[in-house]
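Enquirer: Spelled out, the chains give:
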Amino acid sequence: MLLLKLLPAGLAFGLLQVVLRLAEDTDLARRLKAHEPKAMNDLYDRYGRLAYSLIYRIVRNPATAQDLVQETFLRIWNRVQSFDAERGALGAWVLTVARNRAIDHLRSVDGRMEAGSMDLDQLERPALFAKLDATPLAIDRVRRLKSAFEKLTPTQRQVIELAYYEGLSQTEMAERLKQPLGTVKTWTRSALKILRDELAEAAIA
Amino acid sequence: MNCQELQEMFELYALGVLESPDKNEIDAHLARGCENCHEALADALALNAGVLSFAPDTAPPKRLKRRVLSSLGVHYPSWGWVWAVAAVGLLLVAGWLGVEERQRSAELAGARRALLEVNGERDRLTQALQFLSDPQTVPASFGRGQTAPPRGYVFLHPQLGVLLIASNLPAAGQGKTYEMWVIPKGGAPRPAGLFQSDGTRALHILNGPVDVSTIGTIAVTLEPAAGSAAPTMPILIAAAIGT
Numbered sequence: 000m001l002l003l004k005l006l007p008a009g010l011a012f013g014l015l016q017v018v019l020r021l022a023e024d025t026d027l028a029r030r031l032k033a034h035e036p037k038a039m040n041d042l043y044d045r046y047g048r049l050a051y052s053l054i055y056r057i058v059r060n061p062a063t064a065q066d067l068v069q070e071t072f073l074r075i076w077n078r079v080q081s082f083d084a085e086r087g088a089l090g091a092w093v094l095t096v097a098r099n100r101a102i103d104h105l106r107s108v109d110g111r112m113e114a115g116s117m118d119l120d121q122l123e124r125p126a127l128f129a130k131l132d133a134t135p136l137a138i139d140r141v142r143r144l145k146s147a148f149e150k151l152t153p154t155q156r157q158v159i160e161l162a163y164y165e166g167l168s169q170t171e172m173a174e175r176l177k178q179p180l181g182t183v184k185t186w187t188r189s190a191l192k193i194l195r196d197e198l199a200e201a202a203i204a
Numbered sequence: 000m001n002c003q004e005l006q007e008m009f010e011l012y013a014l015g016v017l018e019s020p021d022k023n024e025i026d027a028h029l030a031r032g033c034e035n036c037h038e039a040l041a042d043a044l045a046l047n048a049g050v051l052s053f054a055p056d057t058a059p060p061k062r063l064k065r066r067v068l069s070s071l072g073v074h075y076p077s078w079g080w081v082w083a084v085a086a087v088g089l090l091l092v093a094g095w096l097g098v099e100e101r102q103r104s105a106e107l108a109g110a111r112r113a114l115l116e117v118n119g120e121r122d123r124l125t126q127a128l129q130f131l132s133d134p135q136t137v138p139a140s141f142g143r144g145q146t147a148p149p150r151g152y153v154f155l156h157p158q159l160g161v162l163l164i165a166s167n168l169p170a171a172g173q174g175k176t177y178e179m180w181v182i183p184k185g186g187a188p189r190p191a192g193l194f195q196s197d198g199t200r201a202l203h204i205l206n207g208p209v210d211v212s213t214i215g216t217i218a219v220t221l222e223p224a225a226g227s228a229a230p231t232m233p234i235l236i237a238a239a240i241g242t
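Top to bottom, those sequences are chains A and B.
Per numbering that gives the first Met the number 0, numbering of the first sequence is gapless, rising by one per residue and ending at 204.
Per numbering that gives the first Met the number 0, numbering of the second sequence is gapless, rising by one per residue and ending at 242.
Since the hints were made in silico from the structure, they are not lab data.
Virtual Cβ for every residue (Gly too), placed ideally from N, Cα, C.
Be a bit skeptical, because a hint or two may be false.
As a list, the in silico DSSO-like pairs of lysine-lysine whose alpha-carbon atoms are at most 27 Å apart [stated by the list, open to error]:
no. : chain 1 : residue 1 : chain 2 : residue 2
1   : B       : LYS22     : A       : LYS177
2   : B       : LYS64     : A       : LYS192
3   : A       : LYS177    : A       : LYS130
4   : A       : LYS32     : B       : LYS64
Residues of chain B clear of chain A, computed beta-carbon distances all greater than 12 Å [as the list claims (entries may be wrong)]:
no. : residue
5   : PHE9
6   : LYS22
7   : ALA54
8   : GLY160
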């Protein structure tokens, strides 16, 4: 609980809901695979608010966010059979699916479905989440990551937000920020290295 | 590029924002089964999930949970006597509609044509095709002989659930949604999920096992956006099963 005091209240509340029950994710994933209706109720209780918060952060529209949350859980329900209940990171998968639904929406609205963009479907396959650390959303990891994020320069933070919350490629970022592509790549690479190093240190500690 | 250079781009790759040729190089490298890089990709996914959890906490509307669960066909208990009365009414309506019995092959062929016209999400289309290709699927049609549409098909499968394909179905309108109902023979209607029409067509699936032999009718009504626990509006679609 002491760690929670170091976080902004809103973030702490959302995280608390998630991490206190991480140990139950394996059992929940098993029940989802069995298509138990109660399991979907529990999944929503555990991750619905986090998914809505993320999607709302991206699309900035309550009605659209609700539609996309519904789409997110439908997709989870339809694909959970391929999820590895013993090793998979359920929360990370839900967040990824939620983020991708919102980015897909943004791209369709902006007409950004260009040929070079990665097919998001391929990047949320349940199999990809079988090798994750079982607790990618553990509160200490997220706290350290958040702390590292806040130490980034404004331009580094900006490119991270454009990639994660707007789904922009580095070329699109360069156009948006009116900066050379090389500069944007440098900002992005250095920002990610800082975040990566922080997680590596957290793992050692 | 070597593994380390590729791994520096894994977070962007996993976010779907990495462009060619870097993306293609990572695709090809991962396809070759590099174990270190697969582990690094998992680390990148974990980092991404952590960053995504930074989104400011925002409370969703309370009705959203019900809407999400309803769209998945998760049933709610507690039906009152009034719904038993409604069920009798629905069965009468279904009987009045007089759904024609057709050969299974003709139903499936018609459904495939209808399915091609539906602009649905890929997952649902894949699921729908599973219904249509399985010999255990029980088809029924609705809307035939009526002066006003909608028309279409429903398909019941003991393991997959219920598939509804409707044409000539107008958009639900602001603050409204279509809701499907499973009505057992002599029983009360059970909610079977919410869906929308694109203005002319709609496709909806209730996931999960169903006891086909006990189902009398599949019905659809127009309801408030959050859905209802029982029909509150007139029946728009009623497909009698096994007639």
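Enquirer: Now tell me, hint by hint, if it's right for this structure.
Expert: Hints versus structure:
Restraint check for LYS22/B and LYS177/A: satisfied, since their Cα atoms lie roughly 23 Å apart, inside the 27 Å limit. With a C-alpha separation of about 38 Å, the suggested pair LYS64/B and LYS192/A falls outside the 27 Å cut-off, and the hint is violated. Of the pairs offered as hints, the one joining LYS177/A and LYS130/A is violated, with about 38 Å between alpha carbons and a cut-off of 27 Å exceeded. Annotation: proposed proximity of LYS32/A to LYS64/B holds, straight-line Cα distance about 20 Å (limit 27 Å).
Annotated as non-interface, PHE9/B brings its C-beta within 12 Å of a C-beta of chain A; the closest such distance is 9 Å. Not every C-beta of chain A lies more than 12 Å from that of LYS22/B, the closest at about 6 Å, which undercuts listing it as non-interface. The non-interface label for ALA54/B is inconsistent with chain A: the shortest C-beta to C-beta separation is roughly 4 Å, within 12 Å. The beta carbon of GLY160/B is not kept farther than 12 Å from every beta carbon of chain A, the shortest such distance being approximately 10 Å.
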